[in-house]
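Visitor: Line by line, the protein sequences give chains A and B. All the letters of the first sequence, read from the start, carry residue numbers 4 to 485 under this note's numbering. All the letters of the second sequence, read from the start, carry residue numbers 81 to 205 under this note's numbering.
Watch out, some of these pointers could steer you wrong.
Unchecked claim - The calculated SDA-like cross-link candidates involving lysine to any residue, where the alpha carbons are at most 20 angstroms apart (straight line), are:
no., chain 1, residue 1, chain 2, residue 2
1, B, K198, B, V166
2, B, K198, A, E112
3, B, K197, B, S135
4, B, K198, A, I11
5, A, K205, A, W184
6, B, K198, A, R155
7, A, K205, A, V220
8, B, K197, A, W184
9, B, K197, A, A195
Said to hold, decoys possible - Across the chosen pairs, the derived CB separations fall in these ranges:
no., chain 1, residue 1, chain 2, residue 2, range
10, B, L182, A, L212, 40 to 46 angstroms
11, B, V157, A, V284, 43 to 49 angstroms
12, B, L182, A, Y475, 45 to 51 angstroms
13, A, V284, B, L145, 41 to 47 angstroms
14, A, T70, B, S140, 30 to 36 angstroms
15, A, P450, B, G180, 41 to 47 angstroms
16, A, T368, B, L182, 53 to 59 angstroms
17, B, A172, A, P5, 21 to 27 angstroms
18, A, P5, B, L145, 19 to 25 angstroms
19, B, L182, A, Y100, 17 to 23 angstroms
20, A, L457, B, F184, 48 to 54 angstroms
21, A, A417, B, L152, 16 to 22 angstroms
22, B, L145, A, P450, 34 to 40 angstroms
Rather than coming from a laboratory, the hints here were simulated on the basis of the structure. Even glycine gets a Cβ: it sits at the ideal position worked out from N, Cα and C.
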Amino acid sequence: MPAYFLEIAIVLLGLGLLMVDAFATTLDRRLLGHLGIAGVAAVLAGLVFGVDSSASEPLWGFYATDTAALFYKGLALVCTLLVLVLALEYAPVLESYRDGRPGRRGLGEFLCLPLFLCAGLMWMASMTDLLGLFVALETVTITFYVVVAYMRRNLGSLEAGVKYLILGALSTGFLLYGLAWLFGLTGQTNLAAIQTVLVDWKGDTTPLLFTMALLMVGLSFKVGAAPFQFWIPDVYQGAPTPITAFLSVGSKAAGFIVLIRLLEPLLASPIRHAVLLMLGVLAGATLIVGNLAAISQSNFKRLLAYSSIAHAGFLLMALAAGQPAGGVSPNGVVALYLGTYLVMTMLAFAVLVIVRKAGGSDELTAFNGLSQRSPFLAFALVLAMASLAGVPLTAGFFGKFFSLVLIAGAGQWALLTVAVVAAACGFYYYFKVIRCMYWNDPVSEAPPLVFSQLTRVAIILLCVAVVVLGVYPKPLTCLLAP
Amino acid sequence: MAEIDNYHAVLLQLLLVIGLAATMLGLSVLVGRAGRRNAIKDSAYECGMLPIGDSQPRFSVKFYLVAMLFVLFDIEVVFMYPWAVVFRDLVAQNAMVFWGMLSFVGILTVAYVYALKKGALRWDN
């Protein structure tokens, strides 16, 4: 089976569920979510067992089926699967912020839209042509505009929607202008063809630098790198929590796929040093801003937003190294980092969804005494926080470790110092959450924490993944080879 | 002098045009109803809209919905034009160009059916 059948299957699944939602007016909308989960799981099985990547390049060189492409497709599918589980858990909160008769409050669409997001992310993983890359990126971004503002009676959600729309459109403008310059300079839209032109670039490098700056600004918005990170805390806080999780993992992964694909020709061109310098400066600024701003947060969603900025800094740092070191390649480290980041972030958001549903608040105080109310959830969140902080023997350790190895190998000692200090900051604000859960007393008459068996299974699997990947990262290290 | 002579015809036409316009306007003021004034006639002409009112009038959100659907399905036709131009050449190579457009229209059909079933085009709800 060629790999592009997977995207077609996901789109058909989404369209099918949309039709079921339109025609079956009396159906319990939750069933759509369960059907979606089953469908995505089936496609995931197809990706793991049924894809024939040795087939010759289909679709006129638009579409790559290398290891990285298949890995990011898997990442998108797993992410969508977990988001659908969280969305089912979050449904009562979502419906309370929308109008209409019970059961007709748009839950059906909310469960279908992640599938289209997933299809966009999967396309993006494979695109090797400027046109395809941009269309796939827009498929993802426009769908995000819709779901971020989904809670129509919640001012925070609307504010998030407007901010995301305006800044997203602005960043898309920068990116598109950069792509236009790239096409103007090389006369090609295929990235491999662009690379052959840029390798032999003999003329003035000023237009190349300008192009690179435009592309970097556009993509820095998407991945949330400082100084283009201002939208992240507000949008993450306002969006429905499952969508925040998707933004935090899926959107970031998407930004990095595009960044890696576009950097490849630029790093082979005469402006290689300028590109690496710019990446290094962005990485350093992002590490400092993300980690220092996270320290004072009292809202758990905002804390996770700044944490996602901080992680973007580590990911950029791996790219800024620019060369393999210690047997690992920058692109491989980014893939490994995003894979482990998915597991631990989803775990944190799963616990947040359950606590939010019971207590009606995203504040850190809502986590007070969680260890007494639900030892299971408290333990899961401890694992997630430890992993996000990068404690050894958890999944988060290896991503941070390898990005430090890379930057040390490249001899960029200033950046290495910043990264080590930033990682140390992380321990403070992640462990603040653990202190809330174990040292503080719960508020009296705290409502019981209820969640479905499906969510319980998902949390257990994520906990197992955090521990197993921390002890035995072999399944992911095959990506690292330079 | 000879060049100026050539412009006599233009001068004649200018006089004729001005005369005709003046006659028509003058006659309609003298004989017809155009000369009579009233309050509505003296107000500013704003393409048929009332010139005085709230500066931020509220429109029903239904207008936006219909306009948005119009734009979406209008774009469909925009894509079809270049496709139709190259269709004959490309379909001779393989049928991919045909199936590509068919799947595109198929997705839009699903969207149209969805909009219909959700009552997006029903005006009185």
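Visitor: Mind listing which of the numbered hints don't hold for this structure, in increasing order?
Guide: The structure breaks hints 1, 3, 4, 7, 8, 9, 14, 15, 18, 19, 20, 21; every other hint is satisfied.
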